[in-house]
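S.K.: Here's the letter readout for the chains.
There are 2 protein chains.
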Amino acid sequence: MPLSPPAIDGARLLADLHRLRAFGAYRTGVHRPTFSPVDMEARHWLAGRMREAGLAVEIDGIGNVIGRASGDGPRLLLGSHIETQPQAGWLDGALGVIIGLEIARALGGGVDVAAWADEEGHYGSFLGSRSFIGDVTEADIDAARNRYDGIPLREALAAAGLAGRPRAAVEPGRYLGYLEAHIEQGDELEAKGLRIGVVTSIVGIWQYRVTFEGQQNHAGTTRMAIRRDAGAALVRLAAAIERDFPGICDPRSVWTVGRITLDPGAASIIPGGAEMLFQFRDADPEVLARLERRLQELVADANAGPCRAVLHTISRSIPKVMEPRFQDALEGAATRLAPALHQRMPSGAGHDAQQLARVMPAGMLFVPSIGGISHHWSEDTAEPDIVLGCQVMAHAVADLLDAG
Amino acid sequence: MPLSPPAIDGARLLADLHRLRAFGAYRTGVHRPTFSPVDMEARHWLAGRMREAGLAVEIDGIGNVIGRASGDGPRLLLGSHIETQPQAGWLDGALGVIIGLEIARALGGGVDVAAWADEEGHYGSFLGSRSFIGDVTEADIDAARNRYDGIPLREALAAAGLAGRPRAAVEPGRYLGYLEAHIEQGDELEAKGLRIGVVTSIVGIWQYRVTFEGQQNHAGTTRMAIRRDAGAALVRLAAAIERDFPGICDPRSVWTVGRITLDPGAASIIPGGAEMLFQFRDADPEVLARLERRLQELVADANAGPCRAVLHTISRSIPKVMEPRFQDALEGAATRLAPALHQRMPSGAGHDAQQLARVMPAGMLFVPSIGGISHHWSEDTAEPDIVLGCQVMAHAVADLLDAG
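Sequence order for the protein chains is A and B. In terms of the UniProt record's numbering, the first sequence is residues 1 to 404. In terms of the UniProt record's numbering, the second sequence is residues 1 to 404.
Honestly, the hints are just simulated from the structure, not real lab data. Among these hints, one or two may not hold up.
No copy labels: a pair is met if it fits in one copy or bridges any two.
When the alpha-carbon atoms are kept at most 25 Å apart in a straight line, the in silico SDA-like pairs for lysine to any residue are as follows [unchecked claim]: (1) 192 <-> 228; (2) 192 <-> 384; (3) 192 <-> 223; (4) 192 <-> 225.
None of the values given here were measured: they were computed from a predicted structure.
Produce the entire structure from the sequences given, and follow the hints as far as they go.
M.R.: What follows is the structure, encoded as structure tokens:
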């Protein structure tokens, strides 16, 4: 198939991705926390590249980098994010921003490009894209702190030179919709030998903290029979989840105990307190509700033991369905450029697209992740897959703009 | 029964215990870490009380406070420790030291008293009593650091005013043996309505670190089937221990998972690493060996899963049998002063007596712990039980000195 329309420049795309990778390079990955000096350097570099592409660029009061095309006519918004998880990969986020930039360059109009600040949640949850759709108040910003070092968001914004800048807001009617390219971050495409994923929906993520209260005591002198060991109660709940969830989940459901803390955490002291962070994800609200019911039952069972267990809900995000017309456009382009090497699939990760989808039609395209690895410095995607992903997205964008 | 011989002064004993409790008071307990300013204040106060009792006092180069009686004849060494665990109880250690002091006062000779430094292991393991028996080198001291804040032991000794002081060493032939009074730290005496425990042996403590290596990955996009979740592997091992140990242990065996760490410990990241601290205790070397064999088998089983599990041995202490003649003396005194309210029993906790037992005969006496609670600020013992414990120990000391 010819690459035109539109003629994207694969070498230019890859060169920009590798340049961006150098900001905060860590082994073969990147360490670029939101609003760190190196993150701000990267945002200013990106703004410069957008300007060279003929876009009118703004870095707004929450750190979003937005490049707007001049001219009238139908318009699409393309984007993702550029900060990273700690010691993480070079493509998670960066790929979608630079693909957006390349398509804006290739089409010469009709495409705005955005790098949403803090998708990775150093200070909050989807701060930049939620600010853009009007879902972040000044009070939210006052209250937010860095999850790793506790620095207030206000202080970080001031240090980044962003204090007092206005925050950009979505202009009603400006866009046909939003499109985001992203690495899959799983191994499904690779395992099936496919090169393109057309995202059907973004899963809901339900997150919990479970706390256990027992009795701290001496680990040598307290008989097993009278112990109220909060750590042992936690292990029993975690084991019960592993026993029960496989029987009631959907094939694509996932669940994770991400953190366990025992208090006081010493070799010779029976833990008097314990806490675990637990989450599960699925694209089906009924499956999410079923998993939560079982979790509630297991916590109730735990309370029949010697320790008190309490289930605290942290968040429950609703699965977001991607615009069918955008899915069709992406699939159509994939069929032309990579026949039989694509599939429709849900996204197991959260993305800025789920926020934009609250105010406009949205779609997403995945490229394969080598070994399914992400949120780790060794994350990678084959360069031909990156270029193909950009080509498919560019064709879909051109088709959607043509259709108007 | 008459209290004499010897005439201990219960009010004086309790007054000294309550005075010592005021150094680092925390709620109804005490926070007095080894070599902290308040711990050193307490050591100097104790040295003063020993001098008032007619003992020749030394605070040695490792912080041991040793009071020596003048005169010839048979001699016993009585002691324990005075520093505490963090935010812990007022009697763990302090009881044995002040009972020793009271008996030295009551007998007026034949009794040396020691407060061994750092039994609670802020910087090491039984530093003071091991130094006294010649089991701590200068290189050990150079290498030791505070387990909570990492401060080098050398620095702490200098700040405490102990740098350059000689370390006291056991004088061969000076003692018939060593005796230590201590709170039980368990609930066995209380549960049986008893008031005195005669210790038969101090259990062996076998401690391990188990590390798990998996693959850090994204908690949303990585299918359950391909995960190498180090935290899940840890939970499986901990649950298998809970399943198997009850079937192969002795009635008094205890085991504890004191700490669990998942790496990196974030809600949306599959742990790539995990670690647990695990220990078990028993008075029987064969039981200890049997529990270790099962632990080794379970770790081997874990290695059949997707993560690599490694068992690191931290320490394996050998159970120490208490001198039968000392047990008889303590039981004889208990039979006179608290008929049918005493029993022989092993100690589930480690004590300085197990170090002294390596170079001389040793014995221990327990008084009940209310609710079996220890290593917590709410630790307590009824005052009549404290006084009775001192009386029993004093009678046994007098009998042993008489026998020579």
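S.K.: With reference to the structure, classify each hint as holding or not holding.
M.R.: Now for the hints, and whether the structure bears them out:
no.: 1; hint: 192 <-> 228; verdict: between (49 Å within a copy, 20 Å between copies)
no.: 2; hint: 192 <-> 384; verdict: within (17 Å within a copy, 76 Å between copies)
no.: 3; hint: 192 <-> 223; verdict: between (54 Å within a copy, 13 Å between copies)
no.: 4; hint: 192 <-> 225; verdict: between (52 Å within a copy, 15 Å between copies)
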